[in-house]
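Note that the protein sequences, when read in sequence, are chains A and B. Just add 2 to the spot in the first sequence (first one is 1) and you have my numbering. Just add 82 to the spot in the second sequence (first one is 1) and you have my numbering.
In short, the hints are calculated from the structure, not lab data. Treat the numbers as computed from the prediction; the structure is a model and nothing was measured. For glycine and all other residues, C-beta sits at the position ideal for the given N, C-alpha and C. Treat the hints with caution; some may be incorrect.
To be verified - Sample of chain A residues with no beta-carbon within 12 Å of chain B, all distances over it, derived:
hint : residue
1    : D14
2    : L15
3    : G47
4    : E80
5    : A82
6    : I124
7    : E126
8    : E139
9    : R147
10   : E163
As the list claims (entries may be wrong) - A short, non-exhaustive set of chain B residues, derived as facing chain A with CB atoms under 7 Å:
hint : residue
11   : A206
12   : A219
13   : G223
14   : D266
15   : M277
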Amino acid sequence: MADRDDTAAAGDLGPVTTLATPIRLDFEFTPGVAQSRFLRGLERGRFIGQRCPKCGMVYVPSRGSCPTDGVPTTEDVELANVGTVTTYCVVNVPFAGQSIEIPYICAQVLLDGANISFMGLIQEIPADQIRMGMRVEAVWVDPDRLTPSLASVRYFRPNGEPDADYESFKEYL
Amino acid sequence: MAERCAVIGVGQTHHKAKRDDVSIAGLVREAAKMALADADLTWTDIDAVVIGKAPDMFEGNMMPELYLAPALGAVGKPMFRVHTAGSVGGSTALVAAHLISSGIHKRVLTVAYEKQSDSDAMWALSVPQPFAAPLLAGAGGYFAPHIRAYMRRSGAPEYIGRMVAVKDRRNAMRNPYAHLHIADIDMKMVEESMMLWDPLRYLEACPSSDGAAAMVLSSEDALSGQYPPAWIHGMAMRSEPTMFAGRDQVNPRAGRDCSADVYAQAGITDPRRQIDVAEVYVPFSWYEPMWLENLGFCDLGDGWKLTESGATAFDGDIPWNTSGGVLSSNPIGASGMLRFLEVAMQVRGQAGEHQIGGARVALGQAYGGGSQFFSMWVVGSDKP
Chain A
3 MADRDDTAAA GDLGPVTTLA TPIRLDFEFT PGVAQSRFLR GLERGRFIGQ
53 RCPKCGMVYV PSRGSCPTDG VPTTEDVELA NVGTVTTYCV VNVPFAGQSI
103 EIPYICAQVL LDGANISFMG LIQEIPADQI RMGMRVEAVW VDPDRLTPSL
153 ASVRYFRPNG EPDADYESFK EYL
Chain B
83 MAERCAVIGV GQTHHKAKRD DVSIAGLVRE AAKMALADAD LTWTDIDAVV
133 IGKAPDMFEG NMMPELYLAP ALGAVGKPMF RVHTAGSVGG STALVAAHLI
183 SSGIHKRVLT VAYEKQSDSD AMWALSVPQP FAAPLLAGAG GYFAPHIRAY
233 MRRSGAPEYI GRMVAVKDRR NAMRNPYAHL HIADIDMKMV EESMMLWDPL
283 RYLEACPSSD GAAAMVLSSE DALSGQYPPA WIHGMAMRSE PTMFAGRDQV
333 NPRAGRDCSA DVYAQAGITD PRRQIDVAEV YVPFSWYEPM WLENLGFCDL
383 GDGWKLTESG ATAFDGDIPW NTSGGVLSSN PIGASGMLRF LEVAMQVRGQ
433 AGEHQIGGAR VALGQAYGGG SQFFSMWVVG SDKP
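Between the sequences and the hints, there should be enough to build the whole structure, so can you do that?
In structure tokens:
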């Protein structure tokens, strides 16, 4: 290659088509007053929601105001440890950063006494046996490991009650 | 009274899994140059540029509009970035159209793109949040439970989703720009594809694509171009919170309100009869019957019956996604604009093999986020 200059050699190699450029950043998050109520509840092994003074709907977790009425939610409501699976999917796709072994059940859980569902992991049941309307209960970490975060809830599991009637939760889909 | 606005040029890339022959700048420029050529214009004829894409976290490329300005001839001109999640391609086109209808500019270039091969959208859409268990698995994981709710509510048989998956991929065979060209697709192939987010299978989900879309919009006194203009008869956007008690995730109110607004502007009282062709954002097969109901093409619960009857097929009375739709090409940021662009092509008579003969009125729709952003336009061959 003594007869080639560096410029020609670089050109012969063609374009560089891919270059990996990793980015990492740990973010801080300020929960605020209402969400602190929810987090402090988790720290004690309880689900704390808030009721809208206007429409009466109970939000969990509460963002501090009712999205429908636009008024502050100030009344705390302690919710049951049990709820209903309104709908779900079984995740069978791997991806970067996944923390749960597939397949897993990702369900919308409507806690008794709440008017909005949230996403919960269902375990202690084969993935193909989950049903809409299934009654489930929260399984918490050991008391000495409770923290003000959702990591305090390990998962939900069937609690053995008969399935909820579709009519009772169809408005929450 | 707002100024009339029309689409006078369209351009799009060949959508592919990986366009490693071009950078992002090269990708958007390719679509933009094609739109300018279609409009018989050059860069200097453009007054302003409006660009959109999905979240920056996808490609890890913060504020890409900064470095894309020179590639899009925007130096010395106003340039805007729009961001409304998956609906962004549609809302980007609408922001551009507003610059014309408000009388501020005569000719605006609007561009949208995604380079999914540079990105990791699954990861970006599944980042753990402080107030949710780390369960979310991409867009499919978000939408699959709502699809299940639709199936339960409507009583639709499970093969309906597979019918849409086959129909849109067969339509894509007519579109040279489509990413997926699966010549032998059939119900069996879809049924045998891998279950990703039960009840959604691999072939009932959109692909990951690299691609860009561009349009030149013009005021009435600045028309030019290779084809007749596509006149905008109505345009609307709506949003709603991701979470509120009583929220209908299957049939979101923002979608119903948005279509009511755009139909009122366009004088549409019976969408099924008055709209000749529609391009609707269907990234997962079941969103066709769901949006048929949300957009008022039928009564609640009857969307799947329309799909089953063949009404939305290429030879049906309301062809939906004759381009192959999002199920066949999904450069996310551009996917909404492609819906808007494809219906402009239809009423301009330039859609080639996937042209619906005599199309005069067409609906483009895009949605995004957790079904919380909607953008729509109705275009027509007649001046409004």
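Original post:
What hints, given by number in increasing order, does this structure fail?
Top reply: Those not satisfied are hints 6, 11, 14.
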